[in-house]
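Chain A is already provided as a structure; the job is to place chain B on it using the hints.
For reference, the chains in residue letters:
Number of protein chains: 2
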Amino acid sequence: MKEIKIGIIGFGTVGAGVAANLLEHSEMIAARTGVKLALAGIADIDIKRDRGVNVPKWLLTTDSTELIMKSDIVVELIGGTTIAKTLILTALNNGKSVVTANKALLAKHGEELFAAAEKFGAEIFYEASVAGGIPIIKALREGLAGNRINKIYGILNGTCNYILTRMEREGLDFEPILEDAQNLGYAEAEPSLDIDGFDTAHKTTILASLAYGKWFGMDPLHVEGIRGISLTDLRYADELGYRIKLLGIIKQNDDKDIEIRVHPALIRKDALLADVSEVFNAVMVNGDYVGDTMFYGRGAGREATASAVVSDIIDIARNLAAKCPGRLPAFRAGKLYRNILAIDDTFNRYYLRVQVKDVPGVIAKISAVLGNKEISISSFIQKEGQSQDNVSLMILTHQAQEKLLKAAIHEIEQMDEVSEDVKIFRIEDI
Amino acid sequence: MKEIKIGIIGFGTVGAGVAANLLEHSEMIAARTGVKLALAGIADIDIKRDRGVNVPKWLLTTDSTELIMKSDIVVELIGGTTIAKTLILTALNNGKSVVTANKALLAKHGEELFAAAEKFGAEIFYEASVAGGIPIIKALREGLAGNRINKIYGILNGTCNYILTRMEREGLDFEPILEDAQNLGYAEAEPSLDIDGFDTAHKTTILASLAYGKWFGMDPLHVEGIRGISLTDLRYADELGYRIKLLGIIKQNDDKDIEIRVHPALIRKDALLADVSEVFNAVMVNGDYVGDTMFYGRGAGREATASAVVSDIIDIARNLAAKCPGRLPAFRAGKLYRNILAIDDTFNRYYLRVQVKDVPGVIAKISAVLGNKEISISSFIQKEGQSQDNVSLMILTHQAQEKLLKAAIHEIEQMDEVSEDVKIFRIEDI
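Chains A and B supply the protein sequences, listed in that same order. Residue numbers for the first sequence follow this note's numbering, so the first one is 1 and each next one is one higher. Residue numbers for the second sequence follow this note's numbering, so the first one is 1 and each next one is one higher.
The following block holds chain A by itself, in its conformation from the complex (with noise of 0.2 Å):
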């Protein structure tokens, strides 16, 4: 039977996992693959401390480039754009595969990484840099490859979804419930990254390169994160019968062009989507033959992100063993749209709070600025027992351009009557 050795660079959380799954499962994944799979080695700075894994002392050390010369496969796991660049160029340069998770490398330099893979005769499997434990960009890349994809929705953040979750559920605002995440260990002490919507749009960006054949990078997306969800909305929300979700949002229209983005979103709460709380991701994607699908589970954590890290393994490992590295390119070039639109551009419905003081015409001024630009109303409360110098009035509207809304809103805050920035949150009917 054909032995693969694998190399790991990086003995962190998710690096511990994958070497406790190759050391447990080698047998089942031979018996499953025809192939044995053989860890060859852990590099990390540090292999003195304790990981809760045992891995024979020999296997640990500090040199990731000799490991990288005795493996087949080299998995990247320490994360940055930095060093983790160098060592994967390392790795291809010398013919060797490499699996990763490292989305933020990818979403900025896969195609400098891609085209060294492609030059060098390796491969790039990065299954785990898109939410966890779900084999998604599997789906895409194959199991749906047969499909015009139409929408893709993704609940790709877990700290993300753990805070609106537990804020929801237990009707605490924001910081409060950040400041527990943080201590829990379900945030980091910086926790930017994840709750301003970078960790998403890096995910994002490349559920859309694969989904529609360009490598897009940061630059189309726009991004918002959920520090501006406040307990009100999220209860406003709910009794108009949706829920607040950080998502992930890939559309594209009839004229074939598309949307890449990142915001929290109204979305129903009897879509299966709204159901996926606390930690956990879902994707949702929709092409022209399947329809409707979606795929759940953990999308961060030691274990879940060890098994996407493993199935690229053994696909690499079956590639080996069949004589056809190569055979799934990375990335294959091939535009599938026409634009991306500009934020601006994009046509949605909107939740508009209005904190305005309760004296007579004031709704009628609000709906007249609205109507001017095309702006219908489709539901329009007024929420009773508030004070009169501060009443909530929410529209939910139809389509509009966001470009119309943003100056209707504009007008808006200038009015006398109102009191505060209009709290805006775009709506997705999934």
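Think of the hints as simulated: they come from the structure by calculation, not from any bench. Be aware that a few hints might be false.
Given that identical chains are not distinguished, each listed pair holds provided it fits within a single copy or across any two copies.
As a list, the in silico SDA-like pairs of lysine to any residue whose alpha-carbon atoms are at most 25 Å apart [as the list claims (entries may be wrong)]:
| # | residue 1 | residue 2 |
| --- | --- | --- |
| 1 | K214 | E27 |
| 2 | K57 | L23 |
| 3 | K365 | S419 |
| 4 | K423 | I343 |
| 5 | K373 | R353 |
| 6 | K256 | N150 |
| 7 | K85 | T61 |
| 8 | K251 | L23 |
| 9 | K36 | K70 |
Since the model is a prediction, treat every value here as computed from it, not as a measurement.
Structure of chain B alone, referenced to chain A:
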């Protein structure tokens, strides 16, 4: 660019969908994969009837053998286990790879077909045989290949799920909904294959085989359908916080023994699987590393099934282009379990509905019988406001062995106070 010739045998619903997809998406697929798929022909005994897809006349033929000879990949979509088998063997014997959606044939003759494929260097792919457009076979064989599979729960038959959804939502009994489903084309005139659980069983045995490395066929499966589900039980289940779904169930316990079975089961309403309604399918897979995952989508229909067939065609085409047919064998034997448990040896929680005459002491007698068989009760409800001659007792049990449960039920049914056979459903804590 390499061109791969596709021959479709069977111009029914799915055949028409596959033809439409290949004609519509040939360029898109070439952009994604670097392989050009060309429709070589469509064989059927009836090539006159309009299938609602605009196929050039010269592609249609009644000579399936001739079509096989001029194809690189043969798509078998005629169904049944006789002619389909002959045609697939003809294709394989001539080194042509095969895509099929024929779960009944695979369940019955899978090993023979796989052996022929291996002997002649051809491939068989069968993604469309389980859960329609959902790429669940790919997930099990590839995306989750690094996991020991602990549990699989599948809603695998759209007809049954549609009937149960409507019974629950509309409060109507099984028979009128079945009749309506037949009129709407959601159920066959001869509905037994679907509603008696056999279709679900064909799919379940395929999933179990892939998870545990033995082609099980139908013999080890315990199969029950949905005919015995009454509105009464759906309502009581609902009051208790459960829905009833027809599930394909595959489990492995800590001793590595496995269970493979198909039957209606109560699942908690807050489980994601409980929200899978209408004709949709979903498969929940729990792996030891990935944890819980769920795969959701359309389980049948022209377009969704075509999506799965075309993804298989693309997989084979990639192998042909990379010159590695056989890279992923149709099935690889490699036993990953100890024994298969008979249903009597399994442990389950149960929902029991006992219809009794409301005389003093009856509850004590029933409880005593259950207690004597080591069956402990987790919930006991007697509904008020019924006729005293026919009172419903609902009993939910803790884990109990099936054979002890059956013995207890047998005793209970002998009691003078018990007026009907006890209704029994297993409860699955997903």
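Hint by hint, here is what the structure shows:
no.	hint	result
1	K214 <-> E27	between (39 Å within a copy, 16 Å between copies)
2	K57 <-> L23	within (13 Å within a copy, 58 Å between copies)
3	K365 <-> S419	within (15 Å within a copy, 70 Å between copies)
4	K423 <-> I343	within (17 Å within a copy, 57 Å between copies)
5	K373 <-> R353	within (18 Å within a copy, 61 Å between copies)
6	K256 <-> N150	within (9 Å within a copy, 43 Å between copies)
7	K85 <-> T61	within (19 Å within a copy, 55 Å between copies)
8	K251 <-> L23	between (42 Å within a copy, 24 Å between copies)
9	K36 <-> K70	within (16 Å within a copy, 38 Å between copies)
When each numbered hint is compared with the structure, no violation occurs for any of them.
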